[in-house]
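Student: Sequence order for the protein chains is A and B.
Take the first sequence: its letters are residues 0 to 408, numbered as in numbering that gives the first Met the number 0.
Take the second sequence: its letters are residues 0 to 473, numbered as in numbering that gives the first Met the number 0.
No lab work stands behind these hints, which were simulated from the structure alone.
Please read these numbers as outputs of a predicted model, since none were measured by experiment.
Quick reminder that beta carbons are idealized off the backbone N, C-alpha and C, glycines included.
Do not take every clue at face value.
Pulled a few chain A residues facing chain B out of the computed Cβ check, cut under 10 Å [what the hints assert, rightly or not]:
| no. | residue |
| --- | --- |
| 1 | 3 |
| 2 | 21 |
| 3 | 56 |
| 4 | 73 |
| 5 | 85 |
| 6 | 155 |
| 7 | 223 |
| 8 | 240 |
| 9 | 241 |
| 10 | 242 |
Beyond 10 Å from chain B on every Cβ pair, some chain A residues (computed) [what the hints assert, rightly or not]:
| no. | residue |
| --- | --- |
| 11 | 1 |
| 12 | 2 |
| 13 | 37 |
| 14 | 87 |
| 15 | 185 |
| 16 | 188 |
| 17 | 292 |
| 18 | 295 |
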Amino acid sequence: MERKTVWIPVIAFLALIFGGMIWGLLKPDQAYSDTENRYLASRPEFSWESLFAGSYTQDYESYITDQFPERDRWIGLKTRTEMLLGKAETKNVWLADDDYLIVDYPASDFEGEQAGQNRDTLAQALAYYTDKLGGDHVRVLLAPTSSQILRDKLPAHSPVYDQSEYLEEVIEASREALAAAGTEGGAESLFVKAEEALSAHAGEYIYYRTDHHWTTLGAYYAYCAWAKSMGFAPAADPGLRAVAEDFWGTTYSRLHAGGRADVISVYDTDTAVTLTHNLTERTAGFYDWDALATRDKYAVFLGGNDGLLEIDKTGAEENADAQEAEQAQGMEGGAEESKESVLLVVKDSFANSFIPYAMEHFDRIVVVDLRYMNMSLRQLAEQYGVTDLLVLYSVQAFATDATVFKLGR
Amino acid sequence: MVFSSLLFLFRFLPVILLLYFIVPRGWRNAVLFFGSLIFYAWGEPVYVVLMLFSTAVDFTHGWYIRRSLDAGRRGRAKAALISSVVINLSLLGVFKYTDFIVGLINRALGLAIPLPGLPLPIGISFYTFQTMSYSIDVYRGEAHVQKNVIDFGAYVAMFPQLIAGPIVRYQTVAKELNDRRESASLFADGIALFMAGLGKKVLLANNIGLLWDAIAALPAAELSAATAWLGALAYGFQIYFDFSGYSDMARGLGLMLGFHFPLNFDYPYISRSVTEFWRRWHISLGTWFREYVYIPLGGNRKGLAAQIRNILIVWMLTGIWHGASVNFFVWGLYFGVLLVIEKLFLLNILKRCPRPAAWAYTALVWLIGWVIFASVDGAAGLPYFAAMFGAGGMVDDTTLYLLGNYGVMLLLCAVGSTPVVKGLFLRARQRVGGADGQGIVWQILFSAASVLMFVVCTAYLVDATYNPFLYFRF
Numbered sequence: 000m001e002r003k004t005v006w007i008p009v010i011a012f013l014a015l016i017f018g019g020m021i022w023g024l025l026k027p028d029q030a031y032s033d034t035e036n037r038y039l040a041s042r043p044e045f046s047w048e049s050l051f052a053g054s055y056t057q058d059y060e061s062y063i064t065d066q067f068p069e070r071d072r073w074i075g076l077k078t079r080t081e082m083l084l085g086k087a088e089t090k091n092v093w094l095a096d097d098d099y100l101i102v103d104y105p106a107s108d109f110e111g112e113q114a115g116q117n118r119d120t121l122a123q124a125l126a127y128y129t130d131k132l133g134g135d136h137v138r139v140l141l142a143p144t145s146s147q148i149l150r151d152k153l154p155a156h157s158p159v160y161d162q163s164e165y166l167e168e169v170i171e172a173s174r175e176a177l178a179a180a181g182t183e184g185g186a187e188s189l190f191v192k193a194e195e196a197l198s199a200h201a202g203e204y205i206y207y208r209t210d211h212h213w214t215t216l217g218a219y220y221a222y223c224a225w226a227k228s229m230g231f232a233p234a235a236d237p238g239l240r241a242v243a244e245d246f247w248g249t250t251y252s253r254l255h256a257g258g259r260a261d262v263i264s265v266y267d268t269d270t271a272v273t274l275t276h277n278l279t280e281r282t283a284g285f286y287d288w289d290a291l292a293t294r295d296k297y298a299v300f301l302g303g304n305d306g307l308l309e310i311d312k313t314g315a316e317e318n319a320d321a322q323e324a325e326q327a328q329g330m331e332g333g334a335e336e337s338k339e340s341v342l343l344v345v346k347d348s349f350a351n352s353f354i355p356y357a358m359e360h361f362d363r364i365v366v367v368d369l370r371y372m373n374m375s376l377r378q379l380a381e382q383y384g385v386t387d388l389l390v391l392y393s394v395q396a397f398a399t400d401a402t403v404f405k406l407g408r
Numbered sequence: 000m001v002f003s004s005l006l007f008l009f010r011f012l013p014v015i016l017l018l019y020f021i022v023p024r025g026w027r028n029a030v031l032f033f034g035s036l037i038f039y040a041w042g043e044p045v046y047v048v049l050m051l052f053s054t055a056v057d058f059t060h061g062w063y064i065r066r067s068l069d070a071g072r073r074g075r076a077k078a079a080l081i082s083s084v085v086i087n088l089s090l091l092g093v094f095k096y097t098d099f100i101v102g103l104i105n106r107a108l109g110l111a112i113p114l115p116g117l118p119l120p121i122g123i124s125f126y127t128f129q130t131m132s133y134s135i136d137v138y139r140g141e142a143h144v145q146k147n148v149i150d151f152g153a154y155v156a157m158f159p160q161l162i163a164g165p166i167v168r169y170q171t172v173a174k175e176l177n178d179r180r181e182s183a184s185l186f187a188d189g190i191a192l193f194m195a196g197l198g199k200k201v202l203l204a205n206n207i208g209l210l211w212d213a214i215a216a217l218p219a220a221e222l223s224a225a226t227a228w229l230g231a232l233a234y235g236f237q238i239y240f241d242f243s244g245y246s247d248m249a250r251g252l253g254l255m256l257g258f259h260f261p262l263n264f265d266y267p268y269i270s271r272s273v274t275e276f277w278r279r280w281h282i283s284l285g286t287w288f289r290e291y292v293y294i295p296l297g298g299n300r301k302g303l304a305a306q307i308r309n310i311l312i313v314w315m316l317t318g319i320w321h322g323a324s325v326n327f328f329v330w331g332l333y334f335g336v337l338l339v340i341e342k343l344f345l346l347n348i349l350k351r352c353p354r355p356a357a358w359a360y361t362a363l364v365w366l367i368g369w370v371i372f373a374s375v376d377g378a379a380g381l382p383y384f385a386a387m388f389g390a391g392g393m394v395d396d397t398t399l400y401l402l403g404n405y406g407v408m409l410l411l412c413a414v415g416s417t418p419v420v421k422g423l424f425l426r427a428r429q430r431v432g433g434a435d436g437q438g439i440v441w442q443i444l445f446s447a448a449s450v451l452m453f454v455v456c457t458a459y460l461v462d463a464t465y466n467p468f469l470y471f472r473f
């Protein structure tokens, strides 16, 4: 005998599948995911060719998955289930001690073809720039990521790729390139010992818990090591001022669960600066306070990543413009007549919190992010009368970035 | 399309269920047939033609066989049967085995004939076996001829079992194809099976598959023995929960639509002999080979030597049914030889062994079997075997780390491989739900559990970083 009660599970099940469908159909499509920092798949255009090639149906499935309602919450639910299942690592993120979410970068990031190419590009670039600027004026700072420095926080027996192995390779390749170019002095002195500097403070808040970047404090320790290697007296204390206490970074965005909110602090400097973004837009100060109201709070530093960013002491930017115009018209080598010190920083986002400290030692800083810049770096260095160079990436980003080749142009 | 996808759960399934239940009963097979075509064409927009061809071939052949038999022309009927088998096997041969055979010829004769590289149509090994079963059943008089091409098409293309089984023989569903009763209680049973299958696939198989992938990605020369065995176990769990999960989902969907598909997996990992293992593993394939190959070859009726030959033939075929590659052949032969050994004397010894010893022997056999099964690149599997036997040390940090990370998962898989969970479910239903299992408290509990399972699986599918379809070689 069938009783009416059997309808209960039937109705529950139908409510789920029909509810999910209707919810999905009613929800307006979202073009961009702030939390994932990527464009979501949109409804594919139908064509017979794409259907028969199989791409239409594949794209359609990505579309359904990407546009699923409340995507972030579902991902959070999955992460919580993973935690319940005792996972110490999920989606290449370690659920580490002290609420740290630490990205597990695979060895292949450092052993792949891209890593080898970038190593060689850097070595060649160093040979060129040490010849141009002198070995005392060129530095490379490849910042280890948190998995390298905060090993004590990782789950027991975690297999971690030792990023210093790749760094050693890079130094070796640079040594050879410099020797081949007949440059005096070794390559070692060009590399800032960032791992040493950070490891000495591993117990402090030098990496964000929920983001892959170092904190401003971490950047400060690396800055001290760099300044000393350049012969400068580094700023005596990090001068931190907390500006946001509810920062949930990119690592958290992968999981949408776990971790603990981070605090963003900035270097509270007296130096008034003007930033010129991509030759056009001017803003005042190192920090874009509006970014603190958005999801991507890390963009408070320098207003995010620009292809080309000029940083001038306020009042000096007009002068600088005039000089540039002169140099552009005048003969080559005009740069050498310039008396001001100009630092060129070629970097990824790790540099954004570091640069305010560096400004203590230069009249001007020109910041280049090769991911968004397509001019010749050599010409740029000439044009700006660059006196010093700093290449600053996280080791992992440097090894995997497909735009590092522009360093050699 | 696969069941474990958001597209299936939140688009295809609600639409097909709605259509299926609102049309008059007489149209339901048509809904099933055309819906299944869309289901299949979603993944194979071109090869759907091939499936229709196979359907048409056996529909006409079946009809001709019956007509010839009725007219007393047994010779003609037999010729038609042979024609059907040849056409179906040719389809399989061309689309599944061409590269394999050309490769073997090249290697044997030192030639370099270019490989055609035809992509394998999804599910071809399942549906050609089904359509063949129809022609054979009709020839043997074990099934009535199907006069309606839509009904026959619905049998072949039926989306629940189309791409990953179970292989439903025509005679099994012939009656239900034209006369079935859907009901709420069947539907509810279907939900239970479907949820169990979805959970097995999405929560257990995909998760433990990550462990296998992690270990398979390590250089075999650096694997410690413990890690290598852990990898084999993880792979065994993955393939079992994936495959049996698919079968459960298929059977569950079948019940929702009013069909009873046969049980395909009956806790194979609790087996205490290889013979028993194969009675519990992929039962519908075993049945197919027994009914249509082993018994026609004479089975065990023509003496021991013939029986041994028949076992070996069936298991070599079973091997390469799983994929056109040498390792599958070796895998089939490996089991064939062990089955013969058990038949000759080992089974008697095993019966007298303590149960744990017999189980351990069987587990060892399937674990090693899975490593062969996974070694698609042939000799690439050898270093892995070396690692299993200690070439890279016994235990290392990697082992401990992976055990820590997947410990709970492994435990869940181990428990899930036994009838314990099902036993608890049935006992709870009886206790809470009363004699007919329909008490309201039970129904509410069961609904809540289903919703929870479904919601968690959805979360895993939304964040689908890993959701493989393992049967693309079958």
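Student: Take the hints in turn and mark each one as holding or not.
Tutor: We went through each hint and held it up to the structure:
1. 3: Holds - the Cβ of residue 3 of chain A comes within 10 Å of chain B, reaching about 9 Å at its closest.
2. 21: The hint holds - residue 21 of chain A has a Cβ within 10 Å of chain B, the shortest such distance being about 9 Å.
3. 56: Constraint on residue 56 of chain A satisfied, holds at 5 Å.
4. 73: OK, holds: residue 73 of chain A within 10 Å of chain B, min 4 Å.
5. 85: holds (4 Å)
6. 155: Residue 155 of chain A check passes; min Cβ-Cβ to chain B is 6 Å, inside 10 Å.
7. 223: Since the shortest Cβ distance to chain B is 34 Å, the answer is violated.
8. 240: violated (37 Å)
9. 241: violated (33 Å)
10. 242: violated (32 Å)
11. 1: violated (5 Å)
12. 2: violated (5 Å)
13. 37: Per Cβ check, residue 37 of chain A is outside 10 Å of chain B; nearest 14 Å; holds.
14. 87: Residue 87 of chain A is in fact no farther than 10 Å from some Cβ atom of chain B, at 5 Å.
15. 185: Its Cβ never comes within 10 Å of chain B, the nearest being 34 Å, so this holds.
16. 188: The claim holds: residue 188 of chain A sits with its nearest Cβ about 36 Å from chain B, beyond 10 Å.
17. 292: Its Cβ never comes within 10 Å of chain B, the nearest being 28 Å, so this holds.
18. 295: holds (21 Å)
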